[in-house]
Structure formats: structure tokens, C-alpha cells
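Colleague: Protein chains in written order, with numbering that gives the first Met the number 0: chain B, 0 to 373; chain U, 0 to 297.
There's no promise every hint is true.
Stated by the list, open to error - Chain U regions said to be covered by chain B (calculated; three or more residues, Cβ under 8 angstroms):
hint	segment
1	27-39
2	50-56
3	103-115
Think of the hints as simulated: they come from the structure by calculation, not from any bench.
Because the structure is a prediction, the values reported are computed rather than measured.
We put the beta carbon where it would ideally sit given N, CA and C, even for glycine.
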Amino acid sequence: MQQILYLIQKEFRQVFRDPSMLFIIFFAPIVQTTVLGLAITVDVKNIQTVITDYDNSTASLAIRRKFKNNPYFSVSGYVESPVQLREKMDGWGAQLAIVIPSHFERDLVRSQQPAIQVIVDGVDGNSAGIALGYALGVLSDYTIDVAMANPALAFSARRIPLVAPLARMWYNLDLESKNYMVPGLIAVLLTMVSLFLSSMGLVREKELGTLEQLMVTPIKTWQLILGKVSPFLILGFLGLAMMLLVAFVVFQLKVAGSLVLLFGLSALFLLTTLGLGILVSTLAHTQQQAMFISWFFMVFLVFMSGFLFPIKNMPHWVQLLTYLNPMRYFIIILREIFLKGSSLKFLLNEIFALVLFASTILTLSSLRFQKRVS
Amino acid sequence: MPGSIKINSFSKSYGDILAVNNISLAIDPGELVGLIGPDGAGKTTTMRTLCTLLVPDAGEVLVDGRDVRTNVAAIRAMLGYMPQRFSLYPDLTVAQNLNFFADLFGVPPAEKAERLQTLYQFSKLEPFRKRLAGALSGGMKQKLALSCTLIHTPRTLILDEPTTGVDPVSRREFWNILRQLRDEGVTILVSTPYMEEADLCDRVAFMYQGRILAVDKPAQLVHRFPYKLYEVSGSDLQSLRAYLEDETDALSVQIFGDRLHVSYGPESALIAPAGAESVQQIEPSIEDVFLYLMQTSA
Chain B
0 MQQILYLIQK EFRQVFRDPS MLFIIFFAPI VQTTVLGLAI TVDVKNIQTV
50 ITDYDNSTAS LAIRRKFKNN PYFSVSGYVE SPVQLREKMD GWGAQLAIVI
100 PSHFERDLVR SQQPAIQVIV DGVDGNSAGI ALGYALGVLS DYTIDVAMAN
150 PALAFSARRI PLVAPLARMW YNLDLESKNY MVPGLIAVLL TMVSLFLSSM
200 GLVREKELGT LEQLMVTPIK TWQLILGKVS PFLILGFLGL AMMLLVAFVV
250 FQLKVAGSLV LLFGLSALFL LTTLGLGILV STLAHTQQQA MFISWFFMVF
300 LVFMSGFLFP IKNMPHWVQL LTYLNPMRYF IIILREIFLK GSSLKFLLNE
350 IFALVLFAST ILTLSSLRFQ KRVS
Chain U
0 MPGSIKINSF SKSYGDILAV NNISLAIDPG ELVGLIGPDG AGKTTTMRTL
50 CTLLVPDAGE VLVDGRDVRT NVAAIRAMLG YMPQRFSLYP DLTVAQNLNF
100 FADLFGVPPA EKAERLQTLY QFSKLEPFRK RLAGALSGGM KQKLALSCTL
150 IHTPRTLILD EPTTGVDPVS RREFWNILRQ LRDEGVTILV STPYMEEADL
200 CDRVAFMYQG RILAVDKPAQ LVHRFPYKLY EVSGSDLQSL RAYLEDETDA
250 LSVQIFGDRL HVSYGPESAL IAPAGAESVQ QIEPSIEDVF LYLMQTSA
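Okay, chain B solo, but in the shape it has when bound (with noise of 0.2 angstroms):
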């Protein structure tokens, strides 16, 4: 045990000499949450839009107004034609185009269903069916307006809708995506530094011979491997503490459930990816291979955990190998600690199988360094 200290001890005095290392520990983490944070954004908001009204009557007026007041759309301009308004779409000045007809207000009057049509650039699929939903929201929200207001339009129309839906997004109240992307990140930098930190640790010493010297110490591989991983665990805290700040003091968000739990799981987290550093480190000999080999495993873990891309989009034997992702179940337990406040017993299946790859990947790792040094 006290053999463990000692390592720790020296672990720390390296740290704390090298300043490059003091800047991936504690300033890496709040200038890429910041970042990150407002960068890595799916909200549509500020829709470009242009309208062309060959109606020029109440009702549409109402319309344009309905379209001016939506905080998601920035009206840019009224088209006379249809090829002015195709130059616009053209020219990357409009995402999204409502053409209002001729004689829509008598055509209304008269129950005649008018048509409205909605143009949406389609180049980020994404966020056009995100824009269109939209419009037909203001839309609908123009048709009730007019129904309320003339009930004897309302019968005679059929296809005004009797029953007014009343969506509340739960746990995420504006859909708002830094509350579902910044855990997400959070997960995602904490893998990075851990990982890279414990991979390149031990290559280093290799690099330097201190490995063989240490070797030769009545030091067991066990208590080598605690005493390496150790340090790494209580800085990636300090770099999960520093992250969380930057949550709550940039972004607003607030830990919905318990930081003890938040702190405990993370440690478990932890000790996957850093058991998969050691393991990098008894597959390479310099630490630039332990940098590209860590990068391969890196892609995987981000791109495969749901951060970035919904798994249940992913054709079915990727979603299979997802299940082999640890921090795929840490960003579900990051994100429903943050915003739901989930407690202990709702993340069972997740605290299962995170303990499933701590214990497999450490003793895997275990295993190696023993027969590479021996």
C-alpha cells in the first residue's frame, strides 16, 4: 500500500513540473466546454425566410406577421416573383420561402381551403425537415386563430383540427440542445484526457528505461498499475469538477441529480478508459504510437456512444457493436443524472456494464504489461 504512495507522490511531482500537462489537465477542460459547448449546436433557430404575397390582404398579412413575431424565423425580405425569389434561394439569402396565393383571403372566406406553399432549401436535410416543421407549426397556429375567431368558418372547413395539441418537451423544456450536448461533451473530454494521459504515462517511462528499473523493484505489477492509475483518476476529477463549473457558469445547467453519484460513476468510468491507456501502453513502444493508437480506439468510443448521432439511426449490427462501447453508457448516465436527476436504481443496467468493462479491461491489461516486462 504505502509502495502505492510513493508512486502516487512521484506521479504528482512529474505533473506538476511539466506545464504543458498542467494545461491539458485543467485548461483543456474549460476552454473546449466553452467552446464545444456553443459550437456543437443541431438547433434550428434564425431560419432565413422570404415571403412573396400575391394576396396583399388581411389574412395574409396576418400570416407575414405570424412568420415576423417567431423567434425561429428572421423574415429577410417579400419577393415580387417567383424567379426573384428562386435568385434567393439561389444565392444562399433565404432557407426557406412561403408563397401566399392570389385570392386567399376570399378563398378562405368561402371555405375554399387555399393553399399555402412552403419552399425549404434541402441541402442539410437535417435542418430543413427541422425548418419545415416549423412553418407548418405557424401555419397551423394561423388556422386555429382563424377558427377561434369564426366559429362558422371552423364547421364548414373539415379539415381544421377540433383538438389543439399541447406539446411539452419534458426534462429538456425549449429542446434545447446544449442541455443534451454539453453532458454529452463533458463524457467525450473526459475519455480524451484519460485515455491519452495514461497511454502515453506508461510509454513514457518505457521511452526513458525507468520501466526496467521499476521492474526490478520488489514493486508488484498490481500495485504498478494502481500507482499509475491513481494519479490519472483523481485529475480526470479535477477535470470533471472544472467542466461541471464551466456547465453551470456558462451554459446554466445545473446537475439535476445527485454529484456524489455524478463523481462515483464517473470513477468507474474512469477506470475503463484508463484500463484501456494501459492497455494501449503494452502495444506500443514511443509515445507517438501510443498517440495513434489511442486515437483509433478514440474515434470509435465518440462516434459510436450516441454523442453526436442518435445509435437507433445506425443500421442494426452497428447498433450491436455499440454494446461493446463503454462511454456509450456513460453518456446515458451523464445525461440522465444532468437532466433528469435519475437516481442509483435507474441506471442499473448501465452501472452493470460499465463494471463489467472496468474489471475486463483492467485485468486484460494486467495481464499484458506482466508478460511484456517478464
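Mind docking chain U on chain B? Use the hints.
Modeller: Showing chain U alone in chain B's frame:
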């Protein structure tokens, strides 16, 4: 037997390469033995096996009478190993390095201070206690590495080319320390590429292509040289060498710095060739013996 080393028919290979080929060597406690041979002779493999870092393929390797295969912990606790490359933490100070290894070897705190003091004294590193190990000179680095190796008062020392790349003055100093340790009863196996250091050992083992060609006291080894040996000097060594090799009965002609060593069988003798400035018969050195053994073993 505390401090003893016994190697019996030991072999070790890496894949297809036979690094050590059936060697045997016995070292008594308190002996200073030099392991001498060119790069790739198998010196490092032998030493790492003694340190329990490698497992022998065949044969028996005993340190303190304990098998390196099975008694790893006990051997490591009583053995000091200094690898060929400087392998301490360059970003820790001299004192931090020493303390770290003292702690890892479980040196009791009460003994630690005294132990460090002794090591500082003989290594003369005390004034540099707070200096980063990476900022030390080559000679000082080796002395620090040796100090770290000695921190737990091992009975056996395995030193892999500790003086390679160190300046002559520091090398002499280093060897003085080794002989002092030997006098205190520490068993030392040290490898070196410098032939002149062989004379400083109690016994020398010549290693070449995975085999030990000879083991003996330095003074005895030179008797193994069976020929008459001449030293020849001249301004144009290359043409002298060509002449001696082609035109006389010379058994071998070797370049030794700015002169040639030429050996002849008992029935022939060397007549001073044209272009030679001086010719004299000399006693063979350890290096002559080694070169002779290498040639005859091939």
C-alpha cells in the same frame, strides 16, 4: 550462498536469434567480475536474466542460490541492477530520485537518512541534491544511477556498461567506487566495452556470439596467448599492414591506435620491414587475447 551467482548451461533466444548459447559461469560472493565482449555478444541478455527480467529458455540461473524463474521477489529485494541506458526520472531532482527508489525498495525511514548520506559522500553528489537529474553531466548521471541501485544495500550488483560514454576521469572514479564496494563484500558483475577496464576486475569473462570463450584472472588470461607478439609503428599503417599480412608468416595483424600488433608462431620472427619506425617484442594485453580468442572461435 548470499551474493553468489551461478549460471549452468543457460540459453536464451529471441525468436530465431540465439542470444545466449549454453553458457556457464560461477561467481563467488564479494567478487568483481567483468563481462567483456562486443555489442550483440549476449551480455545484456545474461544480465537481464540474472535480474529476473527475462526467463531462461534452458539451463539454470541462480542468484543467492535462488532460481530466477521462481524466486523473483526474493532476488529483486537483494539485487541492484543498473541498465545500460540512463533510466532515472530526468524531471525529478537528484534527491527525489534517490528518495523514490529508497521508498520503493522499502528502506526503513530510520536508515534512509544515513544511507543517503553515505551515498552522497562517495558519489560527491550532495551539492547537486536539488538539481534535476536530466541536467546532470554524463558522469554524474551514472553516479546517481549507481547510487539509486545501491540504495537498498544489495548484496549483488549487476551493472550493464555503466561507463560507456563517460569521460575518462569519471570512469576512473566510477571504478574506484566499484572496487571499494567489492572490498565491502558486494558481489559485482559489470559489463564493459573498454578492454583496459578488464584489468580492474578480479576475473574476466569473455563473451562472443552468445558464448563465453574464457573466464580467468586478468593476469592469467594473457598466458593464453600462444604466439610471439610484436608492436610495429610507422607513418603509413595501412601499407605496413598489407605488407606484413601478404609478405610474411604473420598469423594476425591488428591495428591498435597508431601502431600494429603482429603475432607470429614460435618458429618465425619478425624482421623490421621497410617503412617501420620501430619494432619491438611485447607482452600480450587482454585485448590481444580477446582478439585471438575471437578469431580462433570463428
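Colleague: Examine the segment 50-56 of chain U: at least three residues should have C-beta closer than 8 angstroms to a C-beta of chain B.
Modeller: holds (count 5)
Colleague: With a Cβ-Cβ cutoff of 8 angstroms, does the segment 27-39 of chain U contain at least three residues near chain B?
Modeller: violated (count 0)
Colleague: Against chain B, does the segment 103-115 of chain U show at least 3 residues with beta-carbon separation below 8 angstroms?
Modeller: It holds: at least three residues are needed, and the segment 103-115 of chain U offers 3 whose Cβ sits within less than 8 angstroms of chain B.
Figure legend: structure checked against the earlier numbered hints; the only hint not met is number 1.
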